[in-house]
Amino acid sequence: MDAAVLIDAIARLIGDAGHVATGALSPIPMAAAMLARRRSGGRMRVTVLGSRRNNRFTDGAQELFDCAAQGRIDVFFLSGAQIDGEANINLLGLGDYARPKVRFSGSFGAPYLYMLVPRVILFRIEHDRRALVPRVDFISAPGWSEPHVYRPGGPVALVTGRCVFDWRRDERRFALRSVHPGETAASIRDATGFAYAEPDEVPTTPAPDAALRAEIRDLVRHEVTEVYPRFAEEFAI
Amino acid sequence: MDAAVLIDAIARLIGDAGHVATGALSPIPMAAAMLARRRSGGRMRVTVLGSRRNNRFTDGAQELFDCAAQGRIDVFFLSGAQIDGEANINLLGLGDYARPKVRFSGSFGAPYLYMLVPRVILFRIEHDRRALVPRVDFISAPGWSEPHVYRPGGPVALVTGRCVFDWRRDERRFALRSVHPGETAASIRDATGFAYAEPDEVPTTPAPDAALRAEIRDLVRHEVTEVYPRFAEEFAI
Amino acid sequence: MTESLSLPDLVARIPDGAMLVVPPEYSGVAVAATRTLLRRGVRGLHVLAAPTSGIQTDMLIAAGCVATVEAAAITLGEFGTAPAFNAAVRAGTIRMLDSTCPAIHAALNAAEKGLPFIPLRGLIGSDVLRHRADWKVTQNPFADAPDPIVLLPALYPDIALFHAAAADREGNVWIGRRRELAVMAHAARRTLVTVERVLDTCFFDREELVAGALPALYVDAVAIAERGAWPLGLDEEYAPAAPALARYAAGTLFPQNQLAGAA
Amino acid sequence: MTESLSLPDLVARIPDGAMLVVPPEYSGVAVAATRTLLRRGVRGLHVLAAPTSGIQTDMLIAAGCVATVEAAAITLGEFGTAPAFNAAVRAGTIRMLDSTCPAIHAALNAAEKGLPFIPLRGLIGSDVLRHRADWKVTQNPFADAPDPIVLLPALYPDIALFHAAAADREGNVWIGRRRELAVMAHAARRTLVTVERVLDTCFFDREELVAGALPALYVDAVAIAERGAWPLGLDEEYAPAAPALARYAAGTLFPQNQLAGAA
Numbered sequence: 001m002d003a004a005v006l007i008d009a010i011a012r013l014i015g016d017a018g019h020v021a022t023g024a025l026s027p028i029p030m031a032a033a034m035l036a037r038r039r040s041g042g043r044m045r046v047t048v049l050g051s052r053r054n055n056r057f058t059d060g061a062q063e064l065f066d067c068a069a070q071g072r073i074d075v076f077f078l079s080g081a082q083i084d085g086e087a088n089i090n091l092l093g094l095g096d097y098a099r100p101k102v103r104f105s106g107s108f109g110a111p112y113l114y115m116l117v118p119r120v121i122l123f124r125i126e127h128d129r130r131a132l133v134p135r136v137d138f139i140s141a142p143g144w145s146e147p148h149v150y151r152p153g154g155p156v157a158l159v160t161g162r163c164v165f166d167w168r169r170d171e172r173r174f175a176l177r178s179v180h181p182g183e184t185a186a187s188i189r190d191a192t193g194f195a196y197a198e199p200d201e202v203p204t205t206p207a208p209d210a211a212l213r214a215e216i217r218d219l220v221r222h223e224v225t226e227v228y229p230r231f232a233e234e235f236a237i
Numbered sequence: 001m002d003a004a005v006l007i008d009a010i011a012r013l014i015g016d017a018g019h020v021a022t023g024a025l026s027p028i029p030m031a032a033a034m035l036a037r038r039r040s041g042g043r044m045r046v047t048v049l050g051s052r053r054n055n056r057f058t059d060g061a062q063e064l065f066d067c068a069a070q071g072r073i074d075v076f077f078l079s080g081a082q083i084d085g086e087a088n089i090n091l092l093g094l095g096d097y098a099r100p101k102v103r104f105s106g107s108f109g110a111p112y113l114y115m116l117v118p119r120v121i122l123f124r125i126e127h128d129r130r131a132l133v134p135r136v137d138f139i140s141a142p143g144w145s146e147p148h149v150y151r152p153g154g155p156v157a158l159v160t161g162r163c164v165f166d167w168r169r170d171e172r173r174f175a176l177r178s179v180h181p182g183e184t185a186a187s188i189r190d191a192t193g194f195a196y197a198e199p200d201e202v203p204t205t206p207a208p209d210a211a212l213r214a215e216i217r218d219l220v221r222h223e224v225t226e227v228y229p230r231f232a233e234e235f236a237i
Numbered sequence: 001m002t003e004s005l006s007l008p009d010l011v012a013r014i015p016d017g018a019m020l021v022v023p024p025e026y027s028g029v030a031v032a033a034t035r036t037l038l039r040r041g042v043r044g045l046h047v048l049a050a051p052t053s054g055i056q057t058d059m060l061i062a063a064g065c066v067a068t069v070e071a072a073a074i075t076l077g078e079f080g081t082a083p084a085f086n087a088a089v090r091a092g093t094i095r096m097l098d099s100t101c102p103a104i105h106a107a108l109n110a111a112e113k114g115l116p117f118i119p120l121r122g123l124i125g126s127d128v129l130r131h132r133a134d135w136k137v138t139q140n141p142f143a144d145a146p147d148p149i150v151l152l153p154a155l156y157p158d159i160a161l162f163h164a165a166a167a168d169r170e171g172n173v174w175i176g177r178r179r180e181l182a183v184m185a186h187a188a189r190r191t192l193v194t195v196e197r198v199l200d201t202c203f204f205d206r207e208e209l210v211a212g213a214l215p216a217l218y219v220d221a222v223a224i225a226e227r228g229a230w231p232l233g234l235d236e237e238y239a240p241a242a243p244a245l246a247r248y249a250a251g252t253l254f255p256q257n258q259l260a261g262a263a
Numbered sequence: 001m002t003e004s005l006s007l008p009d010l011v012a013r014i015p016d017g018a019m020l021v022v023p024p025e026y027s028g029v030a031v032a033a034t035r036t037l038l039r040r041g042v043r044g045l046h047v048l049a050a051p052t053s054g055i056q057t058d059m060l061i062a063a064g065c066v067a068t069v070e071a072a073a074i075t076l077g078e079f080g081t082a083p084a085f086n087a088a089v090r091a092g093t094i095r096m097l098d099s100t101c102p103a104i105h106a107a108l109n110a111a112e113k114g115l116p117f118i119p120l121r122g123l124i125g126s127d128v129l130r131h132r133a134d135w136k137v138t139q140n141p142f143a144d145a146p147d148p149i150v151l152l153p154a155l156y157p158d159i160a161l162f163h164a165a166a167a168d169r170e171g172n173v174w175i176g177r178r179r180e181l182a183v184m185a186h187a188a189r190r191t192l193v194t195v196e197r198v199l200d201t202c203f204f205d206r207e208e209l210v211a212g213a214l215p216a217l218y219v220d221a222v223a224i225a226e227r228g229a230w231p232l233g234l235d236e237e238y239a240p241a242a243p244a245l246a247r248y249a250a251g252t253l254f255p256q257n258q259l260a261g262a263a
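Residue numbers (this note's numbering), protein chains in the order written: chain A, 1 to 237; chain B, 1 to 237; chain C, 1 to 263; chain D, 1 to 263.
It is worth saying that the hints were derived from the structure and are not from the lab. Take the hints with a grain of salt, since some may be wrong.
Pairs of lysine to any residue residues, derived as SDA-like cross-links and limited to a Cα-Cα distance of at most 25 Å, are as follows [stated by the list, open to error]:
1. D:LYS136 x A:TYR150
2. D:LYS136 x B:TYR150
3. D:LYS136 x A:ALA98
4. B:LYS101 x C:GLY64
5. A:LYS101 x D:GLY92
6. B:LYS101 x C:ALA87
7. D:LYS136 x D:ALA67
8. B:LYS101 x B:ASP128
9. B:LYS101 x C:ASN140
10. C:LYS136 x B:ARG151
11. A:LYS101 x D:ALA154
12. D:LYS136 x D:PRO148
13. B:LYS101 x B:GLU86
14. D:LYS136 x C:ARG90
15. D:LYS136 x C:GLN139
16. C:LYS136 x B:GLY154
17. C:LYS136 x D:ALA145
18. C:LYS136 x B:SER145
19. C:LYS136 x D:ALA154
20. B:LYS101 x B:ASN55
21. C:LYS136 x B:VAL149
22. B:LYS101 x B:PRO118
23. C:LYS136 x D:PRO116
24. D:LYS136 x C:TRP135
25. D:LYS136 x C:LEU151
26. B:LYS101 x C:ALA250
27. C:LYS136 x B:ASP137
Across the chosen pairs, the derived CB separations fall in these ranges [claimed, not checked]:
28. A:PRO199 x C:ASP200: 49 to 57 Å
29. C:ALA250 x B:GLY41: 40 to 48 Å
30. C:GLN139 x B:ALA210: 26 to 34 Å
31. D:ARG197 x B:ARG130: 57 to 65 Å
32. C:ARG40 x D:LYS136: 45 to 53 Å
33. D:TYR238 x C:ASP200: 28 to 36 Å
Ideal Cβ placement from N, Cα and C applies to all residues, glycine included.
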């Protein structure tokens, strides 16, 4: 897995958002947000939970959620131990709820933020049939809601270690947008447990050139390391 | 009117409360709370809105109301342009609501604090039939509530420039407790627009001796003047 | 990004008919901005006092800028009743939404949290409640026994306007312990702040100051207005000007004559 | 008045069966107090994580002190899942009330404001909601069209317990920008705080510090516990001890052996 590809791909998805926030255990989304901010000429606001330097909240742990409800956060990142083809995410456990086979930490803010932040980017490096499943065992947060349910937010894309999917809200399914270098439409099909739309021609996710890699390395060293000290070594950036 | 009598009388009503708060435009209650705190050996907590020295709130203007709802305020003071025999108070206006003859500033926090603070002391210097009426024109806050209404708070006494009334909750009426020096049971009856219970023997509110007057003067000078700079002259303390 | 504007450009952001939320007299009132606003001839404001107001709302009423006032009280404090407010209520020339302090705080908290409504204790039996057709009394759905409780709709102001001692170079504003200002800014769609000065520092560089800063995230624009709360006071900066306030309370109902040119 | 106690006397205020609210790992966790508490053999705790917890709750579970956990997540962060928590949930030996961060914040806000319940957006369609029999979905009474919304009952903890850098001589506690600690203290019936040190000053004497102080009014007792958050970190004081945390995450489920004597 080439972390720079993911960082660049996510930064493109962030685009020209006004305010991007990243949550716990999100070094790659954080690096991507830093890159997107640089591309905005510094106009983009980035809030990194767990950072002092990149966090201007002063109203306690609830401020992220209030801020999202106020419509002041455009982009947030969520993940899932399982993600299914309807964009439901499971952060809680595998098997029966009362007696799970595997228990994860819990749903954090997902049942709320997935509903309220306009553009949620799903991110999970592991891309296999255990992670991307036909149906999650537990819906920490649903991928879509009935029209009468208040939901200004929801998914826009799913980025994995192998590819980028767009979320097609009207069709309630993912669509393959691009495969990372080394992957093919067929290798994605093999590794994915849910059905999704696939274009006739599947583009390859752009691979950063040396200059962009240097830029990312610089951002990681100067910003990401504050929050994730071991990230640079771990991902060989 | 002898302000020291009122200050001493209110301090006795405060007794050994744990936390007393005073609101806007309340120099006499503030002085009384300072006196009660001194009598507690400094153990009593006093919160004076508008003071820096005697105010430890750090959560904004809502903290008083939250604090009251948490049960952390034992005694508060309210007044009324009109107060009636059921302890209803009117801070809003006289006459018809839509087109009042006289309009006052408004009900402030009374519709809430009167319901939530266990011991509300009503205080109004002017004691005449315009102030103490059979029925208020507008109920800013009611003196009593039906049993199914959540109401841990309510009135305990009414202190005026002429006397002290106790509130008898079970009887839903005031009872004359003591008349200030110079007043009589008959002079109170003349000046009061509502019916109330009257004991056969009406005690006189104690008049502070010289030592207590000096103590009050000292408290006013050192504490009350911070918030009410003109109080000492105005009330000749 | 927080914009730096002149005072006229700042108040130009307040359109006719806006719901304008303003702080109580002790908490940093943008009086200079208000004078500039009423000189501009703004019309049809819905002034929301959070939770009370005084000379600021009175001046706007006197100048004919106000359609609706929502407040727990409009008062000049020790200087007495607000003359223009008083006359307007008696004449029925403004729509008055009488409220109570905790109801306004709660309705702004609801907006801050994106809640469509919020419950509140107290209020039952008060004529304040009786005259509020937009408030509802409901049974507490978590209680088995009868337990009526009031539900308040959230209040989403268009604009929050206040005055503070200082902004830093990022547009963070020092509010100290005046956290009601943060609630206003969180709840409002736009926040406009006048300050005594803009500091060439960042409050976030000194951890002991951070808790007292309103982040620039909530501040749309800042304008410098020296002594911008005058004749009201500003914490640690200047005390209220009692003679000017007494003159106002005693004076004409046309504060343009009295205050508009006084700064 | 805030009492000054020894660490054992402080934790003696936490009775068996108490609902104990604790902060997230980044916000000042009273680990030393927790070790003292589990050595005492407290039983039947209802641990409310506000809104997440880690090693603290895991240690208490491992030592058999916990009947119920309510949390948005129990996690050791980058060190992985909490081993005792994980085993206890799989074995069904604790009652787990799965929640979500904003629901815990909102339910504590409700307690802070004396509200019996509070609405919250989101959540509809989540299995977290489906498994919470104590939460209700209702129609927004202010909407004409169908608009379901979740109502949460207020959470009134018996005890709030956390660690901070300093208290002053009045018992005011420095929390800086960690305002979630103020919400916990407001909501809880009793608040117990361990601190690195007690300063012979008063935060209210320096206005720039006031906004970061939790008033003594909300602090029932303070005990000094140097490095009291270890092996977790404390803002501006010390960083988390990664090796100790990694050992904990990888190690036995009996933290008495591992941590109880380590400070």
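Are any of the numbered hints broken by this structure? If so, which, sorted upward? 9, 11, 14, 20, 22 and 30
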